[in-house]
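**Q** Below, each chain spelled out in residue letters.
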Amino acid sequence: MIEIAIALLLLLVSAVASSVIERRHFVRIEQEEAQLSQVLIFNEKQPPPHASLVKQSLVSGSVVLGASYFKTFVTAIQGIFGGRLGHYESSIEGARREALIRLRRAAHAQGANMVINVRLETSSISKQGNKQTVGAVEILAYGTALHVPK
Amino acid sequence: MLLTNIEAIPGYRIRQHFGLVQGNSVRAKHAGRDIMAGFKNFFGGELKGYTELLNESREQATQRMTDQAIALGANGVINVRFATSSVAPGAAELFVYGTAVVLEADA
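The listed protein sequences correspond, in order, to chains A and Z.
Per numbering that gives the first Met the number 0: the first sequence = residues 0 to 149.
Per numbering that gives the first Met the number 0: the second sequence = residues 0 to 106.
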């Protein structure tokens with residue numbers, strides 16, 4: 000009985016903490032995206048005329064995202080019924096935007112105002128076949144930073 | 000050494016192609032970091048230790064690719080691509096490849 004109570008309490012703490020962390024993260028993402036609005040990102044290859052490379056043109060940004068205890072639990076239950084996993088969608092979206100922010104910050108630090116040919120990679124880096132370990136995905140964004148005179 | 004993931008570089012001409020160069024790095028998770036990540040995973044969110052670990056290994060892979068290109072006499076690597084795969088439980092391979100070229104500034 001006491002074990003069930005502890006498990007439920009842990010789930011509740013995890014659920015509250017992860018939603019608070021996620022909400023704060025989204026607020027911060029919005030602010031940083033606004034600050035970096037002068038760095039434009041494209042996924043097309045063709046550089047615009049008069050563009051020049053910066054010193055280290057290959058820039059990247061990455062985030063490793065872990066799923067919380069609560070989300071792992073909910074996923075296990077939803078796995079029975081199938082369907083959308085909305086809570087994963089939002090956390091991965093947050094991580095992807097964070098990776099793009101880091102990419103733009105790296106470009107901005109070198110005086111670039113544009114990143115072209117941006118690629119997004121997602122890979123799972125969790126241990127396979129052992130449910131007891133950390134489940135995580137890595138999001139990597141990379142591209143070529145350019146300086147384009149206004 | 001110029002690294003880019005585009006094919007045509009503004010202001011430069013490609014004088015010579017050397018073909019594919021590559022670099023990789025396989026990293027296992029650090030026990031200490033794994034424990035910390037386990038704690039962090041309770042709440043969810045970013046696992047900073049892993050982000051740093053993977054960035055370090057990606058830099059190493061890029062360095063290996065660059066070394067290979069320099070050994071060939073190239074001064075740039077174009078069309079660079081990154082890939083990640085999990086090769087063994089608890090280990091990730093970071094792989095980077097591109098085309099080594101000799102670039103010449105446009106007159």
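No wet-lab data here; the hints were simulated from the structure.
There's no promise every hint is true.
[As the list claims (entries may be wrong)] Negatives, chain Z to chain A, calculated, CB over 12 Å: (1) Glu6; (2) Leu19; (3) Gly44; (4) Glu58; (5) Gly97.
[Said to hold, decoys possible] Okay, the calculated beta carbon distance ranges per label pair: (6) A:Pro48 to Z:Val25: 23 to 31 Å; (7) Z:Val25 to A:Ala75: 27 to 35 Å; (8) Z:Ala87 to A:Gln109: 30 to 38 Å; (9) Z:Val86 to A:Leu8: 23 to 31 Å; (10) Z:Gly10 to A:Gly81: 51 to 59 Å; (11) A:Glu29 to Z:Leu19: 36 to 44 Å; (12) Z:Arg80 to A:Leu8: 17 to 25 Å; (13) Z:Arg63 to A:Lys44: 40 to 48 Å; (14) A:Ser89 to Z:Leu19: 34 to 42 Å.
Ideal placement from N, C-alpha and C gives every residue a C-beta, glycine not left out.
**Q** Compare the structure with each hint and give your call.
**A** Checked hints:
1. Under the 12 Å C-beta cut-off, the non-interface status given to Glu6 of chain Z relative to chain A is violated; the minimum distance is some 7 Å.
2. Here Leu19 of chain Z stays apart from chain A, with its beta-carbon at least about 17 Å from theirs, past the 12 Å limit.
3. Against chain A, the non-interface label of Gly44 of chain Z is violated: not every CB pair exceeds 12 Å, the least being about 5 Å.
4. Not every CB of chain A lies more than 12 Å from the CB of Glu58 of chain Z, the least distance being 10 Å, so the non-interface label is violated.
5. Interface exclusion of Gly97 of chain Z from chain A breaks down, the closest Cβ pair being 9 Å apart, not more than 12 Å.
6. At about 42 Å, the beta-carbon gap between Pro48 of chain A and Val25 of chain Z misses the expected band of 23 to 31 Å.
7. Under the hint 27 to 35 Å, the C-beta atoms of Val25 of chain Z and Ala75 of chain A, about 30 Å apart, fit the expected range.
8. Here the CB-CB span from Ala87 of chain Z to Gln109 of chain A is close to 36 Å, well matched to the stated 30 to 38 Å.
9. The hinted window of 23 to 31 Å between Val86 of chain Z and Leu8 of chain A is violated, with their beta carbons roughly 39 Å apart.
10. A hinted range of 51 to 59 Å holds for the C-beta pair Gly10 of chain Z and Gly81 of chain A, which are about 53 Å apart.
11. At about 41 Å, the CB distance of Glu29 of chain A to Leu19 of chain Z agrees with the hint of 36 to 44 Å.
12. Between Arg80 of chain Z and Leu8 of chain A, the C-beta spacing of about 47 Å breaks the proposed range 17 to 25 Å.
13. About 25 Å separates the C-beta atoms of Arg63 of chain Z and Lys44 of chain A, a value inconsistent with the hinted range of 40 to 48 Å.
14. In this structure the hint that Ser89 of chain A and Leu19 of chain Z lie 34 to 42 Å apart at CB holds, the actual value being about 39 Å.
The structure fails to meet hints 1, 3, 4, 5, 6, 9, 12 and 13 from the earlier list, while all remaining hints are met.
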